[in-house]
Each structure stands twice: as C-alpha cells, then as structure tokens.
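A.B. asks: Protein chains in written order, with the numbering used here: chain A, 1 to 226; chain B, 1001 to 1392; chain C, 2001 to 2409.
Simulated from the structure, these hints should not be mistaken for laboratory data.
Hints are supplied without guarantee of correctness; some may be wrong.
Subject to a maximum C-alpha distance of 25 Å in a straight line, what follows is the list of computed DMTMM-like cross-link-like pairs (lysine to aspartate or glutamate) [unchecked claim]:
| # | chain 1 | residue 1 | chain 2 | residue 2 |
| --- | --- | --- | --- | --- |
| 1 | C | K2399 | A | E194 |
| 2 | A | K206 | A | E194 |
| 3 | B | K1336 | C | E2263 |
| 4 | C | K2077 | C | E2263 |
| 5 | C | K2155 | B | E1100 |
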Amino acid sequence: MHEPLLRFENVVKKYPSGTQELLILENLNLTLESRRSIAIVGKSGSGKSTLLNLAGGLAKPTAGRVLFQGKDLGKMHDRELSYYRNRHVGFVFQSHILLEDFSALENICIPALIKGGRLKEVKKRALELLERVGLADRVDHRPQKLSGGERQRVALCRALINQCDLIIADEPTGSLDEGSKGEIEDLLLQLVVEAEKSLLLVTHEKSLALRCDTVYQLENRGLTLV
Amino acid sequence: MFRTWLSQHLLLPPKDLVYSRRRLVRSVFLIALVMIPLVLALIFMDGMMQGITDKYILLQDGHLQLYTPEDFAIDDAAIFSADRVVNGYGIIYSKEQSSEVKLKGVKTGYFNPKREAELNLETTDVLQRSSVTPIMVSETLAKMLNVEKGDRVAFILIPEEEGRGARPLLAQITDTYNTNYYELDSALVYLDYADAQKYLPSGGKSYLEVLLTAKATNQLSTVAQRVAQGYSWASWDQFNQTVYHNFVSSRQVIFLVFLLILLVAGVYVASLSNELIQDSYQSIALYKALGAQQKDLSCVFYSVVMLITLTGLVLGLLLGILLGYLLSPFLLWLSKSGLEGLRYYLLDFNVVIAWRDLLFIGASMVIIASITVGFTLARIKKISPLEVLQQD
Amino acid sequence: MVISKIAYRYAFSKGNRHRSASLVIMVGLAIGMAALITLLALMNNLQHDLLEQVKSIESFHLQLSVASEEGELEAIKGAIKATAGVESTFAFVNTQVMVANPSNQNSSTGRLRVVDPAIWESANPFSDHLFLIAGNYPEGAEEIALSNAMAQSLKCRVGEELNVTLLVPGRTAPLAPATLKFRVSAIYSTSLREFDESTLLTSSEQLLKRLGLKRTTFGIFLKEGSVDKSHNVITELTKRVPEATIMSWQQLNSAFYSALTLEKIMMYLFLSFMFFILGVNMKSASSRLLFIKQRELAILRAIGAPRETSLKIFLMQSLLITLLGLLLGILFGWLITSNIGGLFAFFDSLQYLFTHHHSPLLSYPFVVQLKGTEIAIVAIVVLILTQLFTYFGIRVALKREPLELLYHA
C-alpha cells in the first residue's frame, strides 16, 4: 500500500496557557507526497509554525496522529525523533540560527557529523553546497561576518547536507530585505527540485506560496485548500 | 551624576532582575567565605602563641629573672609581682614509671589570681605541710606515673657532695594542677621554697621571678635595666627561643598560604568583573554611543566590584572573629575525641585579634582584586558604540 | 567528535566573547594547582626529613619488647634477623638519669640509652644519622657518648668524667638511686633537637645487668621497601616470637605522627578552598553560557542531536578547561619546585632590602619531594569537583527543553 511521505490525521494541538488550554489546531488533516511541495499561508498566530513543529517532530499532537512514511511520530521516543530530524528532515527557520562560533562551512557540516559521516566526505559535500549557493568565497567566515541573506543561504545548505526527504521552512524570507527575499525564494525552490525533496513551507509571501504545488490557508484551526 | 546613577543601578538591581541580585549576594558571601578560615587560622595561631607564651611566663620563667641576693627589694610601677623562687631538676618516680622533671620551689603568695587561673587550682592554699615533702604535680604527670593526689612518690636529685651517693627524696602529692598544655604540664613540679633550698644541690638556682604590668611588657629591657640595679638578668624569650622562632616560621608559612588563597580569590573577583561587563555589553555600547567617557565607565565598574569585594571582606572578617570565639571550645571538644596529635597544641586559649595582620590580609585582598579587576576593565575599552546595533 | 568540537569552541574560540571566562578559570586552576604542588612538596619533604630522623635515631622502625632470660635473647635476636624485611636489629634500653660534671658542678637531667655495641660496627640508619664531633664510640664498660648540646650545658670535653645517677633495683625498695662514674668517650650530634638535648649513649653491658630490667627491647631497622608496610613484618615477627609486644614507629610516635598528619590535613583543607572558589566560578560561568547559547542548542536538537547533547557539551567544555588548567598548574608547580632554592634566595634578597635581616624561613635549605600519586589524586578530585559544579550550574536550565524555544516561533 502506498504511504505518503507525511500525513496529518485528525490532529489536535493545544497549549497550556495559565489555567486554561489554548486550542491551536483542531482535526487537521494534511497529506504530503514525495517530491511535492505544500505552502501554508495564514494570519499571524493562526498556528502555522505549530503545524511545522508537529511535522518536524519538535512537538507532539494532543490528539490525532502525524505519520512519516507510515510511522507515528507521536509514539516515537526522544532518540527516534532525533534520528528522524537528523536523517529525514531539514529545517530552515526565519531567524536562521547559526552557531556563532563556527564558520559557514562548519555550520553546514554539523548535521552530517551528528549523523556520523566522515569529516572529509562531509566537508566535500558542504563545499559543493556552498558553491551551489554562491558562497564559495565565504567558507571560513563566521555568521557575524555574513549578511542576513548569506546566513539564510548557509541555513539552506545545512538543511540539505544530509539528503533528507523533507524540507520544512518556516518563513524562510521573513527577516530579509526585498532584494534578498527573491534570491532566497528562488534558491530554495531550485534546490528542493534539484534534490528531489518534498517541501512543507509556511510563508506570508503570496508569490512564494503560489510557486508550490499546493497552497493551504490555515484558518479556524484547520486547513482550507486555496 | 552618571557615575553615581550607573553604580547604583549595578549595585542595587531592580527586583525583577533576580539573577543580578543573586549574583551580588553570592559574590559577597563567597568572598566572606574565603576570609573566614583565614581569620580563624590567624586567631588560632595568635591565640595559641599568646596562650603558650603567657603560660611559660606566668608559670615557668616570668617576664624577667633577676639574679639578685635574697634580701633584694624591688618596687617599680612597671612590676605586677616579684616572687623569689628556686629552680632545679630531678627524676621523679613511682612504683611503675619515672620521668625527668623541673622542680620549682615557691613561697606562699606565689599563686596569685593570674597563676591560679592558669593552673586551674581549686585553692591557693597548696603545698600544705605533711609528714613528707609536699609537692604539686600536673594531672598529666600524675597519670603518666599512675599516681593520684595523696600518693607518695620519690625523687632523685643530684648529690650535694662529690662521692656521696644520691638519696631518694620521698614526697607526697598534696595538690594537682592542669594548664591544658601538655608540653608544660609533663615536666613541671612545684614544692615549697624552703624544701627546694634544702634538697636541691647548692640550694638550687634562686632568683627573683618578675611579672610586668600589661603596659610594660613592650619595654622589657628598659624596665629590666632599671629594676636590676646592676645585677644580671634574663628575659623570657631568651629561654624559649626555639619555641618562639618555630611560631614565627609557622606564621610566615601560613601567611604564604593566605596569599595564595587570596590570589585565587582575586581571580574570582576578576570573573565577577568580567561577568558584570559582559552582561552590560550592549548597555556600555549604548552609553558610549550616547557620549559616555571611557574613564567614567571604567571607574563605575571598578568601584562596583571593589565595593562588593570590600563588603565581602568586612563580612568575612566579622564572621571570622565571631566564630573565633567558638574555636577554642570546639577544639577542646575535639581533643576529647582522642586525637592524640592535638596534645602538641594549646587548645584552651583566649581570642587574640591581631588587627594589624587582619588589616594586612584585607589590604592584600584589596590590592590583588584591584590588579585583577584592572585587567578586565580593558574590555570596556574594546566595546565599540557600533555593538549597539548587533545582537548577541 | 561534534560535541568535543562544540565544547572546545564554546570554551576557547577567539570570536567567542565568553572565552575570557574560560581563560580566567583556567588561570585560577593553574595557580591553585601550582600552589598546592609547591606547598605539598615542601611539606612532604619537611615531614619526611623529620620522620626519617625520628625513625632512625629515636624509635627505630619497629620495637620488639620481650620478657626473657638472658640465654634466650640470642635466639630471639636470630629469629628477628631471619624475618623477611628485617635489615638489622639491636637491643637497647632507655632510662632516666641525672648527670653532673664534678669539676664544675654543672648538672642536667637526661635519658641514658644503653645500646648494643654492634650498632657502631655496621652501617645502619642510627649510625648513619649520628655524627661524631669528637672522640670514639663508647665501647668500654664505663664509656659514655654525650650530645653536643649536653656537653655545652655540662661544660665538659672528651676524656672528662661525669657522675651519672640513675634508678636500679634496691635491696629494700623496688628502686633506689645509684651514682656511677662514666668517662666521656665521644661528643656527637644529630639533626633531632629533642634527642640531642637529653640523650646520653653507652654500650655498657655491666650497666645493663645493674639495671636488672625484666624486659628487653630490640630496635629493628627494616629494609627499604618494608618501612611503610611494616604490618607484614609485624605479622611474621608475631608468629616467630609470639610472646613479644611489637610496636611500629607510627605507634611509638603516635602523638607526633598524628600532629603531622593533622597539619597536612589542615593544609589540604585550606588549599581546597581555592578549588571551591574556582568550582563556584565554573558553575556560574556554565550556567551563563548555557543561557546565552540556548537558541544554538535548540537548533542542534532540531537537526537531530539527542537530548543529552547539551549536557555533554558543557561537561566536555568544563573538562577541557579543567584539564588544561591542571596541566598548566602541574607544569608551573614542577618548575617552581625544581627551582625553589633560587626562588627563595631571590625573595630573601628582596625582603633584605627592606628589613636588613635574612629571613630564617627563606634562607632554609629547602629540599622538595613531589609525590606523583598525591598530585594525581588531587587532580582527579579537582576534575570531579569541577564537573559536579558544572552540572549543578546547568541542571536547572537543562530541565527546560530547548526545543520549546522553537515551538512558539
């Protein structure tokens, strides 16, 4: 039986807020196939990032299931989730969050080293990625010396180093200027297509959303196809 | 105004800055914690040294010994008491043990209140006549000889005449004393002056044992020359040079250890300064962007850190002195646990606070802290106003 | 490997603003370790020297005391000598005496040690530590050796006669004084002040008989490897001479040994304060760094690092700082102790400029003794301490899952 790459089944997510519980998602269903891209749009505070966190195994649903290749993420314990995030998922966050004490090259290598790759091979792959994103001359530069756009490109490379199945991008161009936004949008989509990955993207940018295979609007705690 | 405002802000952070408040309290207590054992060690050393010195002076040697004739009269404002005594030595023995001892012949009135307190005597009416020579021995010596008050012992003394054999002198232990200092207790035996003159060879060594008033103890040789009136004399430190020098050397070693501990405490103060500057990184950049001078900022941080250090220092000194009063009772309690090694130390001592030495330790801490903090202040210089635009 | 790399960067990376905290702690550890090594090396040697003197001159390594008839003594001596670990044995007796110089009436109390004359004939710790200033070892029945200190107090020279009064079994009383004449055959000196101030030496067998002691004591010197493991020798001796009472030098000098041990413990306690301060330093530095690096740690979790990664990074960081600090400290300590004489001479000349007196402490010809095991134990304890402090500094923060920072993005 064919299993989609990622599937949300009647997912409910609540967060504790003082003595009450805040309902963020309610009976949410979503399916993402391999080599497909989905964009989620919605107002601020609608729960878009929560959806991504559930997809990335950063949080567990209050009810319902999130299945990756048929396996329930909610039933995995911490080690399995770490394995999942390392081997199958690449994250691209709005604020890129690079390790300040490491160079661009080293930041990219880290997930691969966690996976257990050999340093020489890992470095080679990282260099290739840096060249691909046009930062071959910034190999040894630390994040402080890179612009916002350059840092986001490094974050993109980091997401791709382990040849994961799914890229999860949370407002990847949210903190960039207009000039850099377009660049990063193009780069993200190109890389995803080249590498034949799936993409789950949250964005305010309509132009970026429309470039994905499917666009959903997250409102009233559920998804509506746009 | 800016300096005062900023210093106040750093020294008294708002209530919601829990971490900053805790850091201040932690730093003060840590510095105080460093000072406490230093103060206790000093009190112990000085108290013990003073106590031992006092015991030797009061009970064995006096402040001065004047080698004057029997009828020599003495009257001087610097003199607390002058007692004629006679010294000698012999071997005391019981059925089971023997020991070499120092014999001290004293007259009625020798055991003044000061001596009485040191010897822990029940009464000054000691050495009451009995059928044999009355003597007073320490509880330590009595235990060693396996005898008690009321028991008889014998002495061997040097024969008076060449060729004449030594005869044992029978004596009765009419009283016992306890100075709580083993070194003294184990060898000192008191007997009546007349008996000592009678039995010691050549009547023993007779001299005037002089105790000085508290004020006069610093003018030993001046007073001695004045009261001796040409007769020869000796002072207590000449008899106990080895003990005195050992203490001086031990003190020097302890001070060396103190300095090393203070050095490490200075490293801690540097960390504290570092931390304060680090936490204020953005603020310092902003102040500079708004026109604050380098020297103002350096002055503020230096003052804040030194004030914290001084507070900890003073607190430590006060707590150390307070605990110092409990030290002697604690050590006495510890000695009853059976730690043999403690017998080499005088554990029953008065608290002596050497303010000069405490001042020296305090000043050393301040100097070391000043130097280490000075190094960290160089960081302030490196903070550019442009940093205000960056995030950590 | 990733963890080590991250830990190293957090500790020492040049661009890292928090590097100075690591360096300060490292320097503090180095100072503390160097100080500990130097002071312990000095103390070890002083104590070792002192104990060596005491063992060699005063108490021997072991004393075996036995009540026996004269005929059995040779057999007992043979049994002792045949015991593994025993180097040599000499019978001896101590008795209290009064000594007078008849030529000038100077007198003193003292202790007369009657010792087996064989002690002078062979190389052993006693004869090795005793230096003859004048004369020859006492071998005759009426010969006595006097310490230099006693000779000065009695104002006598080699060849002069002394009256020695001591206690012997009496005809009617258990003990009675007897005065005997001895000729001073030698003046000696040792490094043990207490021994010198009160001890006269003789090998007179007639005196031994006169003393009529019911018990004989054998002083035993052990072979080099057995001195500090004397319990094995004692066990063996007990089997060979079951009726004997055997005491080790530690038991014989228990109060003194206990005092030395106490002093060493006090020194350790004092110096441990330094490491306590540094530990607290490390605790607060770790907790601060964790707070600052929370976001980075969150991303590490997001890219697949397991939960315990944060803990490992910080413990590794603390380990690196501590190891480097300790190694530096050991190096400095070794350098200082190797040049201690020169250093003290320098400080002495410095203080001389102000005081115009040479300091007896700084002028003392110190020799140092570094004990590798002691240093290793201290280093391990410090290592464990710093790790514990680091753990306590970060455990509260670690309970909070850094992923939470990414939940509510």
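A.B. asks: Work down the list of hints and note, for each, if the structure agrees.
C.D. replies: Tested hints:
1. K2399/C / E194/A: Violated, because 40 Å separates the two Cα atoms, which is more than 25 Å.
2. K206/A / E194/A: Judged against 25 Å, a Cα distance of about 22 Å means the pair holds.
3. K1336/B / E2263/C: Holds, at roughly 18 Å.
4. K2077/C / E2263/C: violated (38 Å)
5. K2155/C / E1100/B: Given that 25 Å is the threshold and the Cα spacing comes to 20 Å, the pair holds.
Hints 1, 4, counting from the list given before, are not met by this structure.
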